[in-house]
Amino acid sequence: MAAFSPTQVTLNTAKPTEGAGAPLIASEGVNLHYGATQALKNISLTIGERHVTAFIGPSGCGKSTFLRCFNRMNDLIDSVRITGSIKIGGQDIYSPDVDVIELRKRIGMVFQRSNPFPKSIYDNITYGLKLHGMTAKSELDATVEQSLRGAALWDEVKDRLHTSALGLSGGQQQRLCIARAIAIKPEILLMDEPASALDPIATAKIEELILELKREFTIVIVTHNMQQAARISDQTAFFYLGELIEFDTTAKIFTNPSKKQTEDYVTGRFG
Amino acid sequence: MTPAAPQPARLDFRSRGFDFASFAFTSLTGLATLFILAILAIIIANIAWHGWSTFSWRFLTGSADQDMFDVNKAGVLPMIIGTALRVLVMTLFVVPIGVITAIYLTEYAHSTAVTTRVIRGAVNNLAGVPSIVFGLFGLGFFISFIGRGLDAGAAEPHWGKPAILWASLTLAVMTLPLVIVATEESLRAITPGLREASLALGATKLETILKIVLPEALPGILTGGILAVGRAGGEVAPILFTGAAYYMRDLPHSLTDQFMDLGYHVFILSTQSPDIEKTRPILFATVLALLLLTLSLNLVAVIVRARVRKKMRAGH
Amino acid sequence: MTNTPANAKRTVGWMGIHRGHKARPVEWLAEKFIFLVSLTAILMVFLIFVFVAREALPLVLGQMNSAAARPAIPAKDMDKLKPAELQEYLGLTPAEFKGLDKEALQALMEVREEEAKEAPKDKDAKVNTTEWKYLFGAHEWSDSRPEDRHVWQPIGRIHKYNLWPLIIGSLKTTLVALLFSVPLALAAAIYVSQLSSPSLKEWLKPAIEMLSGVPSVVLGFFGLIVMATFLQSVFGYQSRLNAFVAGIALGLAVIPVVFSIAEDALTSVPRSYTQAALALGASKWQAAWQIVLPAAAPGVFAAVVLGFGRAIGETMVVLMASGNASIMSWSLFDSTRSITATIAAELAEAVFGGHHYRMLFLIGAMLFIVTFLTNLAGDLIMHRLKGRLEGKAK
Chain A
27 MAAFSPTQVT LNTAKPTEGA GAPLIASEGV NLHYGATQAL KNISLTIGER
77 HVTAFIGPSG CGKSTFLRCF NRMNDLIDSV RITGSIKIGG QDIYSPDVDV
127 IELRKRIGMV FQRSNPFPKS IYDNITYGLK LHGMTAKSEL DATVEQSLRG
177 AALWDEVKDR LHTSALGLSG GQQQRLCIAR AIAIKPEILL MDEPASALDP
227 IATAKIEELI LELKREFTIV IVTHNMQQAA RISDQTAFFY LGELIEFDTT
277 AKIFTNPSKK QTEDYVTGRF G
Chain B
15 MTPAAPQPAR LDFRSRGFDF ASFAFTSLTG LATLFILAIL AIIIANIAWH
65 GWSTFSWRFL TGSADQDMFD VNKAGVLPMI IGTALRVLVM TLFVVPIGVI
115 TAIYLTEYAH STAVTTRVIR GAVNNLAGVP SIVFGLFGLG FFISFIGRGL
165 DAGAAEPHWG KPAILWASLT LAVMTLPLVI VATEESLRAI TPGLREASLA
215 LGATKLETIL KIVLPEALPG ILTGGILAVG RAGGEVAPIL FTGAAYYMRD
265 LPHSLTDQFM DLGYHVFILS TQSPDIEKTR PILFATVLAL LLLTLSLNLV
315 AVIVRARVRK KMRAGH
Chain C
234 MTNTPANAKR TVGWMGIHRG HKARPVEWLA EKFIFLVSLT AILMVFLIFV
284 FVAREALPLV LGQMNSAAAR PAIPAKDMDK LKPAELQEYL GLTPAEFKGL
334 DKEALQALME VREEEAKEAP KDKDAKVNTT EWKYLFGAHE WSDSRPEDRH
384 VWQPIGRIHK YNLWPLIIGS LKTTLVALLF SVPLALAAAI YVSQLSSPSL
434 KEWLKPAIEM LSGVPSVVLG FFGLIVMATF LQSVFGYQSR LNAFVAGIAL
484 GLAVIPVVFS IAEDALTSVP RSYTQAALAL GASKWQAAWQ IVLPAAAPGV
534 FAAVVLGFGR AIGETMVVLM ASGNASIMSW SLFDSTRSIT ATIAAELAEA
584 VFGGHHYRML FLIGAMLFIV TFLTNLAGDL IMHRLKGRLE GKAK
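Chains A, B and C supply the protein sequences, listed in that same order.
Numbering-wise (the numbering used here), the first sequence opens with residue 27 and increments by one.
Numbering-wise (the numbering used here), the second sequence opens with residue 15 and increments by one.
Numbering-wise (the numbering used here), the third sequence opens with residue 234 and increments by one.
Errors might be hidden in some of the hints.
[Unchecked claim] Under the rule of at most 27 Å between Cα atoms (straight-line distance), these lysine-lysine pairs were calculated in the BS3-like manner:
1. C:517 with A:145
2. A:113 with C:517
3. C:313 with C:350
4. C:335 with C:309
5. A:145 with A:163
6. B:325 with C:434
7. C:331 with C:313
8. C:434 with C:517
9. B:324 with C:517
10. C:517 with A:156
11. B:324 with C:434
12. C:619 with B:325
13. C:313 with C:335
14. B:175 with C:331
15. B:219 with B:325
Worth flagging that the hints you see were computed from the coordinates, not collected in a lab.
Start from the sequences, fold in the hints, and give me the full structure.
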């Protein structure tokens, strides 16, 4: 499956989690242009199922842009052109017969800034479920509880499910957004710097949660925090100036990277 | 340890068929947009089509001392001059006051202060006052109160009668919010860094405003002025009782004279023509002249404003 | 560079950091001047109300009498009246009163006496029609058909000032205008702000806003000359100019108002809401309809409120396209006359300072109050929306 350009190391096939690691997402030669500027250059990598894969790199290196390719959020920007292929479960998600809505229903996303809808906690979670055609009250109730528990938020909000989500703290809001994303039972969870706007305690909770979620979901997380990447991910990809410099097991990237640039970055010499 | 093969059903991203709701919603709202644009296009095209044959250089520069209902003799020069004059005088009043108010609101005022909120509320309210009420105000305040006060019992009213000056002042009050809002927008588009840089060099606030902020905001001030001129140029209701004349043999000589007006003339030709079929070409040509004037001014304002907004997006 | 103590002391003073406004009088004066000028807007709103209401005040205070026949005091009794009473009886201003000698006053008294002799004798001739009960209540007039109990007819033997025909006229045209313009403008606002591509939006928004650059006299002309004939041939109603035609033409003036404000409100909803909805698998229209529109609801409502204010205050369109008959009728296809059109059409003919003149200022003042409240409401709603959207971003 793995087909890499010569600049990349071979894929580490170690499977840290039981029953995980089979290739799920495979990108090949992905280039992305914003108008005249090229934001991603020939990115090829394979992401394993029920792995946590971290994208690291300095700001503007293209890691978030690449993440957004997976659920085609870049489609929303007019001037974006994408070449190359991204396959999920063997299916090219940029092929014309793919319905982007169907795609996004199966790939959850958590954003950098928590963005709950200006609705109640309950309605925030059921919004996605209703889009998927779930209407039975009992079923909705059960899923709301299940996903809030999954996001480690249930105990804090179970008595005020019908109050506005905007009354929650920043960390709670972000966990609500995670609950909202996992409620629709996606295959893949994309996280774009989910803890960057949170305090250390809230961050620790989110990280704990990610390790929990890994049992069920394939998680791709963009982070600027290298300790975070080291703590929670199985695989790490280092991006620099729109290029994938190195992709390997997290252990190798942080202890024995093969590229000079990677080493400089993880040891804090630049970025 | 089973190799978790992708479940085909869950990872099938192919379209579930035609999304009718999405199609209906998008096309309905899109059609509404199209419909509005179509109406605008029809209005402009219809007027241009019917007005074009009479719209000539002779028509634009012809005077009204001939018969103003005669297609071959009617001209709109006095109306154009009258409209231009009242708009020009208005600009002299409204631009300084509007710009200074905008400067206060952006540079000096505390955004939470009660005064600021009241000023903003007044500006918004002024924007919503019906144009005919401005007409009543012009008559009641400028003509009856100030004008007659200046005359102070003179036998012949010199100030206390409809005049270019009073019409212009009335229009200045009406367009004040336009100038304030446009100027404020362009003042806010200037990055705070620019002001800070100037202040850090030891410039006073006033110097910073005069030498750094205002030159930067010039396009926005221009937009406000142009918008005000475009709006006032076509307004008829406020000048009905404050200065517009049905017919004048001579051009106005001073600011206390009445004037003929393009928009008012459209009203007269539409409603008081002795033979609407015969005067139709004059009517359409007059409307065309008015429309060209106001729309071209608006177009310029739109272009300048688009540039200001682009700059603002780049700046932040 | 070293500072001697004396030098340092001077520097502090020289830099002015310990000095008040007296150190920079120009700066201080400029700030005060700018502040004072910025109060112009407040002053103007105040002056508009004061000076429109001022002209209407004698009417409100019941000092005007519009009766066709007023009781006359014999001229020989002039000396029995106090000067103030005499002045009021003759309807003179203090200045005018002072300027007249006794003979002239005597002559005026005689004129009044003559008038009273020739005045009509029927039951309504002595009615002061400017009283509130005639402005708003029904009355069977001796010179109108019995079914016309609400009449605005300022010219004629009896001056009838019932306001209902005008209020209903204004409401009818406004209703048609809103029914026509609000759905179109809101749909366009949703399309432009949520569904169209950014590059298309850059063209669509100014293009639609160009409609606000068409002067209302041109819209009135278009309604009167072009649309009236066209709509009559389509719908086949009786009177060519009516509330319906005027309402549609008026709608064209309202569309840019509602569109601009609603579009701004929709655009001010954070993009993150839309993104979150899309990432959950919502389609663009679902995100727009289920997330963005409810979040922007106050702003959209304000757009409609301000559209109402624009519609009810518009003059030229209604004056030209509504037919201007002050008929008491709820039918949209009857010729109709609004408050604004009445002021525009009649003020030039009204005697300066007379009851008709003051009546027109009174309805103008009422209109001002209505639009003032409308704008205030719209303003407050928008303010709340802003607070709501900014509060939640934190």
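>> If you test the structure against every hint from before, which numbers come out violated?
In response: none
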